[in-house]
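Positions -22 to -1, 1 to 151 (mature numbering (1 follows the signal peptide of the UniProt record, and there is no 0)) are the ones given, in order, by the sequence shown.
Hints listed in this document are in silico derivations from the structure and should not be mistaken for laboratory results. Every value quoted in this text rests on a predicted model; they were computed, and no experiment measured them. The C-beta atom is built at its ideal place from N, Cα and C for all residues, glycine as well.
Cβ-Cβ distance ranges computed for the label pairs, FRET-style:
id, residue 1, residue 2, range
1, G117, G70, 18 to 28 Å
2, F22, K114, 33 to 43 Å
3, K114, A56, 14 to 24 Å
4, P75, R51, 27 to 37 Å
5, G94, F22, 12 to 22 Å
6, Q67, S122, 12 to 22 Å
7, D113, K140, 26 to 36 Å
8, R86, E123, 14 to 24 Å
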Amino acid sequence: MANVLITITLLTGLLASGGASAQCSPAAASSLQTVGSTRLSVWFWDVYDAELLTDSGNYKDYDRRALRLSYLREIEAADLVDTTKEEWQRLGIEITPTHQDWLAKLNRIWPDVQAGDCLMLVENAQGQSQFFNTDKELGTIESSEFTDDFLAIWLSPDSRFKEERNELIGADQ
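Construct the complete structure from the given sequences, taking the supplied hints into account.
Okay, structure coming up:
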């Protein structure tokens, strides 16, 4: 039970709060349209707001996606990376040596975050993940497999938070 609470706490820290989301608006995402947004609450805490965007404004028909995450609390980058790995394992994604390389790169490019900070993944035309925060581009992971695996944490039908996943993909509209 304690392990589940730690995972939920870290995952929720990885995600967002509403007021800060406008701060993460890189030019690379300027042509993307909102598909859906959600707020996750665990017990009595509002833990994040997240926004999914695509080039079409539709989840089922898109070429490019983006996920904007705005934080409510202080989280160390290493905890964000560990949670990414744990969620991949929970989803049944095999952690290959390539996945380990991606996690190491995330450890290098993601900063520790404070309440009000944001991170945004923007999928480029080649399917690669470009990460941004409020101030700048943080780095790119040059793999469409990474992009799919990373976004699966929120978008997979097996995502931990099903109602929030449905709101992100616009299934409840």
